[in-house]
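Number of protein chains: 2
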Amino acid sequence: MSRDALLTDLYQLTMLQAYHRQGMAETAVFEFFVRDLPDQRGFLLAAGLEQVLEYLETLRFDADDLAWLRDSGRFDDDFIDALAGFRFGGDVDAMPEGTVCFANEPLLRVTAPLPEAQLVESRVINLLHLETLIASKAVRCVLTAGGRQLVDFGMRRAHGAEAALLAARATYLAGFAGSATVEAGQRFGIPVFGTMAHSFVQAHADESDAFRDFALSQPDNVVLLIDTFDSEAGARKVVALAPELARHGIHIKAVRIDSGDLHEASVRVRAILDAGDLVETGIFCSGNLDEYKIARLVAGEAPINGFGVGTHVTTSNDVPYLDCAYKLQEYAGIARRKTSPGKATWPGRKQVWRIDDATGGPREDVVELVDVPGPDGARPLLQPVMRDGRRVSPAQPLGDLRAGVLAQLERLPESLRRLSGTPHYKVTIGAQLQALVERVDRRRVAGD
Amino acid sequence: MSRDALLTDLYQLTMLQAYHRQGMAETAVFEFFVRDLPDQRGFLLAAGLEQVLEYLETLRFDADDLAWLRDSGRFDDDFIDALAGFRFGGDVDAMPEGTVCFANEPLLRVTAPLPEAQLVESRVINLLHLETLIASKAVRCVLTAGGRQLVDFGMRRAHGAEAALLAARATYLAGFAGSATVEAGQRFGIPVFGTMAHSFVQAHADESDAFRDFALSQPDNVVLLIDTFDSEAGARKVVALAPELARHGIHIKAVRIDSGDLHEASVRVRAILDAGDLVETGIFCSGNLDEYKIARLVAGEAPINGFGVGTHVTTSNDVPYLDCAYKLQEYAGIARRKTSPGKATWPGRKQVWRIDDATGGPREDVVELVDVPGPDGARPLLQPVMRDGRRVSPAQPLGDLRAGVLAQLERLPESLRRLSGTPHYKVTIGAQLQALVERVDRRRVAGD
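These protein sequences, in sequence, are chains A and B.
Numbering of the first sequence is given in numbering that gives the first Met the number 0, commencing with residue 0 and proceeding in unit increments.
Numbering of the second sequence is given in numbering that gives the first Met the number 0, commencing with residue 0 and proceeding in unit increments.
Certain hints may be false.
When chains are identical, the list treats them as one kind, so a pair holds in a single copy or across two.
Heads up, simulated DSBU-like pairs for lysine-lysine below, C-alpha to C-alpha not over 30 Å straight-line [as the list claims (entries may be wrong)]: (1) Lys342 to Lys252; (2) Lys425 to Lys252; (3) Lys292 to Lys342.
No wet-lab data here; the hints were simulated from the structure.
None of the values given here were measured: they were computed from a predicted structure.
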């Protein structure tokens, strides 16, 4: 991941210079939250915290950065000298990655001297937004796939390298089996999957030769792409080739279909494979899939064993961004609030309390000031993760976080499982928080 | 940018191992193209070539990559040893960045030994797709803004670090004035812009104090954000503060409004500024803007001097991906074609010929085999950019490419300037190319 301190908006640096000039370095509290959920998302899955913590731990201005800032002519030498020693030494409280969450709930709170909490805004949003966006899309596929294998195929049309890698991470966290992106395996230990492309078949004079060459080269993982010309003809060639491969001890694990009507094609291909004694050979499908298409294929009982899901998930195609923000809620011990039309914020340091239903699934949340005790039986979702710039505990393995998500999904109420229709999940703003809003607004009006 | 060789799909490596085993290393020709334009895009702006050339020039497997591949247990030692010496030594022909282009037109052609041309597929698509996607969205803002300043504000909700940086580059290429992302300035020499955030105002006990502190700290670039509480009240404070700042020789360059009805707010704020003798102080607007909102504000003659455009452009919100592909068109001297339903390709090495209209704008294109002479007066859009893995000429400065785009936009016919409605731009498939399709299909059927 990029650790460049200049990966930020210029205004963070111009504001920092003004803070520096005025000596404004008292404690600031910022919170990251999503203002509204789009209609196509009944809930979000919090993700990206690990990358935020890495960023905060390693953030510093190197010599090139300082030289560039000096050459820009926008900043005083005194300020640039101060940046040389810049470190993030604040506190972070956050929901664990993989937590089901909703609008107006802080997913993360930063408590630090104003310049430190301010500078990190752009990149903190950039990381939390991306992974939460993708995990929240991917989990919808997981909920509809009914246990069938899901693999991230989205690198090529993800928005750049980091989007591809973090989408692989976020989809795995959300319950995918793994990713086709090799570097995601190298960096995050995510299982990697791969078959063959149409070009492999095209480069051979004959499709059967392509299948044979591939199987002999990858005898332990034979998944043959059969739709380069015609899926049924391809399936018949697979059946014809199987006895020869069996003599080499090679088993054809699956065939892949990447185009056309996947339901119809899978039914016909299944029949051909079964008639050819390849009942153990699975059918894996891909091609602009999303949760809606998967739901239709599953509901129609298409004989498909797994799905490669790419572009629609790694770009979160139906909802390519969340209306999220990282806002100042308190400075120098005083709660703060912006009241811009349509963008007013909830002031103060807040906790999200979750009240579970009888099965342990989420029933209702309360957002309240952090020093107010929670409702009976409720559990606080934000946990301390960083103190004085250091992690409270080592990073949790990604596989454990993923297992937690899968366990959580089992207890998810029916209303949140639906792909469309506004779910009626209750998020209450606590009485003390409401009272604070009134006090902040009165104070500001009196001060005007 | 990431130069990691493992930033690819696993199947590229499994296919490479099979090619290695079979000694399949004859010349392959792949082309990158977009299958269909979405309704919301009358044309595309080709972008991302520079990053592709950097990637191809520097691509290699380092010791960590090779160790990871070995440990994965998926590959033969012999193949991994061969990867250690892997270099891209092929040829690239491409449209210059900033070229107006259309569906079914190759933007880039790679001619190289099969393994080299194959391995790079995932990352070549990833780079060309992202920048072409963003430039094609951004240019719509440029066409509607009528010369008003446009600044990229999109880092925070871009999909990761690379998306933010390359979106800054692509929007600048398309005619934006610059970006708020500091690192985009450092890496690409793009002009950077910045004002202040709401948190700056909120951290001060008094909004006027915030304005004064900011102006004194940034006397040469005073842009004050006036909508933290109420835009009109904010504008009156700016007017009240102006004489004091004038005594320090400080001129208030602009105010920024980031919420509410921007037309109404800008009219009222303009009146307040004018009445307060701040006729030279501009109004800069931001807040979920896109080309449609800009078009309405411009058509309504809102007194707005510039726009900060973020999320909608850096995520290409209405069209978050293009239906693009990088496909094998020829191998070992023989043209190749896939015929999958809905995804059939045009075989062979192709050139795009552009026929300009009387003003020098694009009138009609012809896609034809590369060795067929173009129509009279037509110019070929694909140019040699790399031979034997080396650039044909040094990278063109980004500012020059941008100037070329702006000149091209002046000559763009009215039908392509519209924000919606399918334009009737004619792209003809040449007679020789059509004849080749028939030959390839006959050959395949005969061979089956």
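Outcome of the hint check:
For the identical chains of this complex, Lys342 and Lys252 are inter-copy neighbours only, at 25 Å across copies versus 53 Å inside a copy, given an alpha-carbon limit of 30 Å. Taking the closest pair of Cα atoms, Lys425 and Lys252 never come within 30 Å of each other, the shortest separation being 46 Å inside a single copy and 46 Å across copies. In this assembly of identical chains, Lys292 and Lys342 lie within 30 Å of each other by CA distance solely across copies; the values are 18 Å between and 35 Å within a copy.
Figure legend: structure checked against the earlier numbered hints; the only hint not met is number 2.
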